[in-house]
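One letter stands for each residue in the lines below.
2 protein chains.
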Amino acid sequence: MSLLIVGSVAFDAIETPFGKIDKIVGGAATFAGLAASYLYNHVNLVSVVGDDFGPDDMSIITSRGINTDGIEVMKGGKSFFWSGRYHNDMNSRDTLVTELNVLADFDPKIPASYQNCDYLLLGNLTPIVQIATLDRLDMKPKLVVLDTMNFWMDIALGDLKKVLRRVDVLTINDAEARQLSGEYSLVKAAEIILQMGPKYLIIKKGEHGALLFGDGQVFSAPALPLADVYDPTGAGDSFAGGFIGYLAKVKTINFTNMKNAVIYGSALASFCVERFGTEKLQNLTSDDIRNRISQFIRLSKFDIND
Amino acid sequence: MSLLIVGSVAFDAIETPFGKIDKIVGGAATFAGLAASYLYNHVNLVSVVGDDFGPDDMSIITSRGINTDGIEVMKGGKSFFWSGRYHNDMNSRDTLVTELNVLADFDPKIPASYQNCDYLLLGNLTPIVQIATLDRLDMKPKLVVLDTMNFWMDIALGDLKKVLRRVDVLTINDAEARQLSGEYSLVKAAEIILQMGPKYLIIKKGEHGALLFGDGQVFSAPALPLADVYDPTGAGDSFAGGFIGYLAKVKTINFTNMKNAVIYGSALASFCVERFGTEKLQNLTSDDIRNRISQFIRLSKFDIND
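So the protein sequences, as listed, match chains A and B.
According to this note's numbering, the first sequence holds residues 89 to 394 in order.
According to this note's numbering, the second sequence holds residues 89 to 394 in order.
It is possible that some hints are incorrect.
What the hints assert, rightly or not - Restricting the straight-line Cα-Cα distance to at most 30 Å, the calculated cross-link-like pairs of lysine-lysine (DSS-like) are:
| # | chain 1 | residue 1 | chain 2 | residue 2 |
| --- | --- | --- | --- | --- |
| 1 | A | K293 | B | K339 |
| 2 | B | K166 | A | K276 |
| 3 | A | K389 | B | K293 |
| 4 | A | K347 | B | K389 |
| 5 | A | K347 | B | K339 |
| 6 | B | K228 | A | K287 |
| 7 | B | K250 | B | K339 |
| 8 | A | K293 | B | K389 |
| 9 | A | K276 | B | K337 |
| 10 | B | K347 | A | K389 |
| 11 | A | K389 | A | K250 |
| 12 | A | K108 | B | K228 |
| 13 | B | K337 | A | K389 |
| 14 | A | K389 | B | K108 |
| 15 | B | K228 | A | K293 |
| 16 | B | K250 | A | K293 |
| 17 | B | K276 | A | K347 |
| 18 | B | K108 | B | K389 |
| 19 | B | K230 | A | K293 |
| 20 | A | K339 | B | K337 |
| 21 | B | K389 | A | K389 |
| 22 | B | K230 | A | K389 |
| 23 | B | K347 | A | K347 |
| 24 | B | K228 | B | K337 |
| 25 | B | K250 | A | K389 |
| 26 | B | K339 | A | K230 |
| 27 | A | K347 | A | K337 |
| 28 | A | K287 | B | K276 |
| 29 | A | K389 | B | K339 |
| 30 | A | K337 | B | K287 |
| 31 | A | K276 | B | K339 |
| 32 | A | K276 | B | K287 |
Said to hold, decoys possible - Some but not every residue of chain B turned toward chain A, in silico, with C-beta under 8 Å:
| # | residue |
| --- | --- |
| 33 | V275 |
| 34 | I377 |
| 35 | N379 |
Read the hints as simulated data drawn from the structure, not as lab findings.
Backbone N, C-alpha and C define an ideal beta-carbon position, used for all residues, glycine too.
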């Protein structure tokens, strides 16, 4: 029984209207792993870093009890580096620098102790690496969640469609759902995407919440309105980690639990954006999470009976 | 006991990716009145039209049992005319023609039979007309809802701030909330706007739903994801009409009922956009509305208890 997360572990440099940080630990697998660790105890990461990724950097991940045996350290290599500047609206950003470094030749290696995982999160990576991961697992996991982005739709659509046939849940944003399906209406987009393989589709809409499609149903989750969004980096990954972490915890995969998982994912994402980088996700308490979930309940609950 | 709606009754010409209509009955008070009529029986309109607005046009309103004694017909005048073209995304539009015509000198006259109204919806009009309406009512209504738009913030901010001090609920969209408050965060925007007078603020976000702020609480209502949006014209007015119509029906003003009212408003708006102009709002059944409300409940309900 374990949850495997495959994705980037990296350094970010981030500039927002609230400030600037030159080098901070980031990466999809880092955010997803931290978020999942609050809901589930057996989180295993597979990634690759350079030897510039020191013990203090790694401790951000290990201090949450996450297994890093699958994080390969490439001697003489440099870790993936991303630098971005967010605009005032926090919904749009400019990528200033993308240095793939060791991630360019990432060949995911699954430690023997990671085999027989029940839950798999394929973070946003080239579809080739996502396919390789699936191929290297001895058994098909109970649930495979895949995150991707417009970049792979632009340059590797064929591979992306191949891996989509092998996953249970796809998480993308609204613009990506429109691009992948060729439909503007998200209802029509979902119909088309659900025929590509996934049984469930989650459309992430940032400050507007998320939509879950599947089993002939649709669920709309709110985003928590926040006074200050310090840094949106990692919000989508934290969402995915919270989502799959909740399902790993409750074990039963159905639409009811999927809906709750979307709320947990949204809650973890709401913490993520309240501080720079991983800061807020490093030291949450179970009370913090319980209170945040209560906020989501109050935010969206109404009671009509006439 | 009555609901008074003051706003435009007009002709629209509309072009969307689904088709084109040269002349169709529209106007804020028309949409709001039709929407409210499904929830409350004593709906009174105040507006002005030209004598180009014929009996067939008026019957669209009267056939729903709405009182039109307060719709002044200006002899030799032409009705307000608006023409717009919606883009593919249905969220942006170009105004092609705005002919104020008789609306330019609109001087709202309140028939004696309309006095002592309990509920008042001040539709999107120049703040001077909204103030005049309030001045001409013998008694302050139990609940005053005001709709406005960026245009009045641009050219009549002083007057708008005056009328805001006299209303209970303000409905605007997210861009307008940001403009009026000078804050990007909707949480901060709401704090500032609630100090301008209204006790409650509703931020309409179109396909992303609506936020209700007030009583130190916040509620997020989903929008119903639709396969086809034929014509968004009148959606905001239908929302406002459904909202105040529900409150007029249940009579008690508190946050719990406000939340339900937002859901009813959203439901009426979701019908509005499914056909051109007022078409869909002319012939709904109580089953249609009940089923639509059930859809909203299924769309947003989740049950977390751990």
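Here is how each hint holds up against the structure:
1. A:K293 with B:K339: violated (35 Å)
2. B:K166 with A:K276: Not satisfied, since the Cα-Cα distance of roughly 41 Å exceeds 30 Å.
3. A:K389 with B:K293: holds (18 Å)
4. A:K347 with B:K389: Answer holds: K347 of chain A to K389 of chain B is near 9 Å, not above 30 Å.
5. A:K347 with B:K339: The given pair, whose Cα atoms are some 34 Å apart, is violated under the 30 Å limit.
6. B:K228 with A:K287: Violated, at about 55 Å.
7. B:K250 with B:K339: At roughly 27 Å apart (the allowed maximum being 30 Å), K339 of chain B and K250 of chain B satisfy the hint.
8. A:K293 with B:K389: holds (18 Å)
9. A:K276 with B:K337: violated (36 Å)
10. B:K347 with A:K389: Holds, at about 9 Å.
11. A:K389 with A:K250: violated (39 Å)
12. A:K108 with B:K228: This hinted pair is violated, its Cα atoms lying about 52 Å apart.
13. B:K337 with A:K389: holds (21 Å)
14. A:K389 with B:K108: violated (39 Å)
15. B:K228 with A:K293: Given that 30 Å is the threshold and the Cα spacing comes to 41 Å, the pair is violated.
16. B:K250 with A:K293: violated (36 Å)
17. B:K276 with A:K347: holds (29 Å)
18. B:K108 with B:K389: violated (37 Å)
19. B:K230 with A:K293: violated (37 Å)
20. A:K339 with B:K337: Answer violated: K339 of chain A to K337 of chain B is near 45 Å, above 30 Å.
21. B:K389 with A:K389: Given that 30 Å is the threshold and the Cα spacing comes to 7 Å, the pair holds.
22. B:K230 with A:K389: holds (26 Å)
23. B:K347 with A:K347: holds (21 Å)
24. B:K228 with B:K337: holds (19 Å)
25. B:K250 with A:K389: Given that 30 Å is the threshold and the Cα spacing comes to 34 Å, the pair is violated.
26. B:K339 with A:K230: violated (51 Å)
27. A:K347 with A:K337: holds (14 Å)
28. A:K287 with B:K276: violated (39 Å)
29. A:K389 with B:K339: holds (21 Å)
30. A:K337 with B:K287: Not OK: K337 of chain A and K287 of chain B at ~42 Å, beyond 30 Å, violated.
31. A:K276 with B:K339: The given pair, whose Cα atoms are some 39 Å apart, is violated under the 30 Å limit.
32. A:K276 with B:K287: This hinted pair is violated, its Cα atoms lying about 39 Å apart.
33. V275: The hint holds - V275 of chain B has a Cβ within 8 Å of chain A, the shortest such distance being about 4 Å.
34. I377: It is violated, given that the least Cβ distance between I377 of chain B and chain A is near 11 Å, above 8 Å.
35. N379: For N379 of chain B, the interface hint is violated, since the closest Cβ of chain A sits about 13 Å away, which is over 8 Å.
Comparing the model with each earlier hint shows violations of hints 1, 2, 5, 6, 9, 11, 12, 14, 15, 16, 18, 19, 20, 25, 26, 28, 30, 31, 32, 34, 35; every other hint is respected.
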